[in-house]
Amino acid sequence: MDLQDLGYALTQVVHNLGAVSVTGGAAAGRGLKFAEPQAAQRALAALVLGGWVAQAASGVCFGAISYLGYGRFPDIHGIAIGALVLKMACAAAGISVAALYLAREARWSGPGRQRAWTAQLALALTALAAAAFLRWFS
Amino acid sequence: MTVFKPLLLICSLGLSGAVLAEDASVTISSPADGAKVSASAPTTVTYEVVPGPKGDHVHLYVDNGEAKVLRQLKGTTTTVDALKAGPHSICIKVVDKSHTPIGVEKCIKVTAG
Numbered sequence: 001m002d003l004q005d006l007g008y009a010l011t012q013v014v015h016n017l018g019a020v021s022v023t024g025g026a027a028a029g030r031g032l033k034f035a036e037p038q039a040a041q042r043a044l045a046a047l048v049l050g051g052w053v054a055q056a057a058s059g060v061c062f063g064a065i066s067y068l069g070y071g072r073f074p075d076i077h078g079i080a081i082g083a084l085v086l087k088m089a090c091a092a093a094g095i096s097v098a099a100l101y102l103a104r105e106a107r108w109s110g111p112g113r114q115r116a117w118t119a120q121l122a123l124a125l126t127a128l129a130a131a132a133f134l135r136w137f138s
Numbered sequence: 001m002t003v004f005k006p007l008l009l010i011c012s013l014g015l016s017g018a019v020l021a022e023d024a025s026v027t028i029s030s031p032a033d034g035a036k037v038s039a040s041a042p043t044t045v046t047y048e049v050v051p052g053p054k055g056d057h058v059h060l061y062v063d064n065g066e067a068k069v070l071r072q073l074k075g076t077t078t079t080v081d082a083l084k085a086g087p088h089s090i091c092i093k094v095v096d097k098s099h100t101p102i103g104v105e106k107c108i109k110v111t112a113g
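Protein chains in written order, with our numbering: chain A, 1 to 138; chain B, 1 to 113.
Next up, chain B with everything else stripped away, as it sits in the complex (with noise of 0.2 angstroms):
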């Protein structure tokens, strides 16, 4: 029962902490999952981030190499360099003030052309 205590706390601090996860969120509202964008001009990202108790700022991926480190989440704008004609992968992780992905992410898919 004294083991039992201390492992019952530790599990419910975890258990909160992966609850408070939850209420951080990403979304991208352009380009759309699937669009086609220009393969001669940079490609215009609008997102919104909640970055929730354990989330600090957030990563952006192009087909998985970080392109950029945003700090602003509200309402915000981000120019990713144009992109070789393809399908490609945009993601935003949020991450914490280590630069760690705290599991919340939101990723889409474009084809440049």
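Just chain A, same shape as in the assembly (with noise of 0.2 angstroms):
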């Protein structure tokens, strides 16, 4: 077994669960009825707190496996590096809203943490977007 490609694909798996770890912990979050216990939202927003730091550590891994074996970076241009910047600047946002949640949403009215979903969702499902454009393009 190459170690190289067995390092992608273990890298790959904490990808893929942190990808679905923030869309479906959003998706659950923002379809709970709200007099549900806060401390249901509470654990969603941590593991989706945890979907977003995976997805950025696997990220860089990636970079650092191709780095580690080629001396080099892929080699991506034009669509593929607004693909990428996009997917960072989702995990930057999302990885922000999950933390302010966890530390404020006490504070935070029902709408408002309504709204705080709703961006998590948006975030994941533009950053899974992007992610296809990233693995298509170059």
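Hints in this document: simulated from the structure, not taken from any laboratory. Be aware that a few hints might be false.
As the list claims (entries may be wrong) - What follows is a set of in silico ranges between Cβ atoms, one per label pair, in the way DEER data are often shown:
#1 A/Y67 with B/G75: 29 to 37 angstroms
#2 B/K68 with A/P37: 30 to 38 angstroms
#3 A/T126 with B/G113: 53 to 61 angstroms
#4 A/R115 with B/L70: 42 to 50 angstroms
Just so it is clear, CB atoms sit at the ideal spot from N, CA and C, and this is done for glycine as well.
Can you join these two chains into the complex? Each is in its own frame, and there are hints to help.
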């Protein structure tokens, strides 16, 4: 078994699980009725935060594995770079919103929390769409 | 000795990867290296690629700028936009699934006129 391929595969596992966490967590959070216990929403926010961190960390790992294997980063241009920047922006915004939610949600109104989940879902779907362009363009 | 064995294993895996990478190749059969091509029409490039176990697809570069991503590898032709008059380089590089060049490439020089 090739170590580099194994590294890519394990990194992809983490990346995919991160994508599922941010999308599924945000969709579930947005669908919750806000009379439901705050603890459930906080657990989902923590899951989404973990998902975004996993996405960012595994993204860095993809580049690192390429660099360790070939002494250079993936050769991407144009649309792919735009997609990568968009993914990075979504991750940064997603981490910020999730952290803010965990820190301050007790002081937020129901509609305020709903807006946070809507933003998270939009960021997750945007990142997923960008990932497809990053995969097939270069 | 306990440290030596894992190091040996890692080195041997790296070596096997290097040997396998040598199984990849790129051939550009047209235009020939040094050929003159038309500056008023697209240039047709005929190539054949063996990606090897590490390669996935190829990137085509004109004057070091990426022009195309090519996923068909055998007995294929593609075109590059009409080149400005003067010397140019055309390169095809084998890349892996993450678009990273694996070090196997073929470059030719042409002169458009």
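Hints versus structure:
1. A/Y67 with B/G75: 29 to 37 angstroms: 34 angstroms, holds
2. B/K68 with A/P37: 30 to 38 angstroms: 55 angstroms, violated
3. A/T126 with B/G113: 53 to 61 angstroms: Violated - the Cβ-Cβ distance for A/T126 and B/G113, about 47 angstroms, lies outside 53 to 61 angstroms.
4. A/R115 with B/L70: 42 to 50 angstroms: Once the Cβ atoms are compared, 45 angstroms apart, the range 42 to 50 angstroms for B/L70 and A/R115 holds.
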